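Residue numbers (our numbering), protein chains in the order written: chain A, 1 to 113; chain B, 1 to 115.
Here are the computed lysine to aspartate or glutamate pairs in the DMTMM-like style, where the Cα-Cα straight-line distance is at most 25 Å:
1) Lys58(A) - Glu8(A)
2) Lys71(B) - Asp56(B)
3) Lys49(A) - Glu59(B)
4) Lys110(A) - Glu108(B)
5) Lys100(A) - Glu73(B)
Taking beta-carbon pairs under 10 Å as the criterion, some of the chain A residues facing chain B (in silico):
6) Tyr32
7) Gln38
8) Phe46
9) Leu48
10) Lys49
11) Arg94
So, partial list: chain B residues that the calculated Cβ filter (under 8 Å) puts toward chain A:
12) Leu45
13) Leu104
14) Gly107
15) Glu108
Since the hints were made in silico from the structure, they are not lab data.
Please read all numbers here as calculations on a predicted model, not as lab measurements.
C-beta atoms are modelled at their ideal positions from N, C-alpha and C, and glycine is treated no differently.
Next come the chains, spelled out residue by residue.
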Amino acid sequence: AQSVAQPEDQVNVAEGNPLTVKCTYSVSGNPYLFWYVQYPNRGLQFLLKYITGDNLVKGSYGFEAEFNKSQTSFHLKKPSALVSDSALYFCAVRGSGTYKYIFGTGTRLKVLA
Amino acid sequence: NAGVTQTPKFQVLKTGQSMTLQCAQDMNHNSMYWYRQDPGMGLRLIYYSASEGTTDKGEVPNGYNVSRLNKREFSLRLESAAPSQTSVYFCASRSGQVLNTGELFFGEGSRLTVL
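Here chain B stands alone, though its shape is the one from the complex:
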């Protein structure tokens, strides 16, 4: 079991470029999440998907789009990258039915630098 897999692990972009961060989980989880981690600000929720076919905004959705491609995969897209989007991005998933009390399982992170 790989758990939650994120690609790429590292990426450098120029301002205005676009890119997609990929996330896949092999635990048959219903819910998936994207967070960004910045020094002194902890983890902030960008978008989440409660179940296949649904997505919702989190705390900091501006500048991002997401796609829940199927139950396994949840991608995060930056259409026009800005230096303020330099961060470490984490994907997470959670098991169970819609309001299950389970914990999140995290990937290893994707470190993005926008020049």
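Bound conformation, chain A alone:
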């Protein structure tokens, strides 16, 4: 069975500091991994994905994520946080042989001015 864990309900970071939002996964076969962001009362917006190839993936708004197969992790990172990055972030996984996208419970990022 597929699963995703986001161990932190909330992450606080000062503006200008680097941020990391953690995600670990479990899936049969090759994983397809995704990060989404949700602003209040809105749908989810796609940030980036890992399918194959380079373990460091770059996405929208300066975000990047590092795929680590041995640790089954896909942490979201940004070198310098902005107050406008404050939102709810979801990690998702899909096994290569399925149609199901399974989401984590979400991590609320709060960037303090």
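Following the hints, complete the assembly by docking chain B onto the known chain A.
Relative to chain A, chain B alone:
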């Protein structure tokens, strides 16, 4: 392009009432999905449709039915609403062939309250 459109955006029901949430996409996507979002539980998959004419259960299908009316539309029906179905419902779609690696595109959500 509107993307993924959900109606209604808000709905209040009494226990036992029925209703249908509508979803339509104009991106010519093959696959469509229904999720529910609850605090502390993230998004959970209710049903999905890999392609027109097919539907499959997700993680939490009990109490729901779906219809893939055509390639554009995927509706979610609550036959007898219960307070436990109070949630925000999201429809999503995905492009490409059956096992394409594309990301999901989401609608803006439908907020349902069951009293």
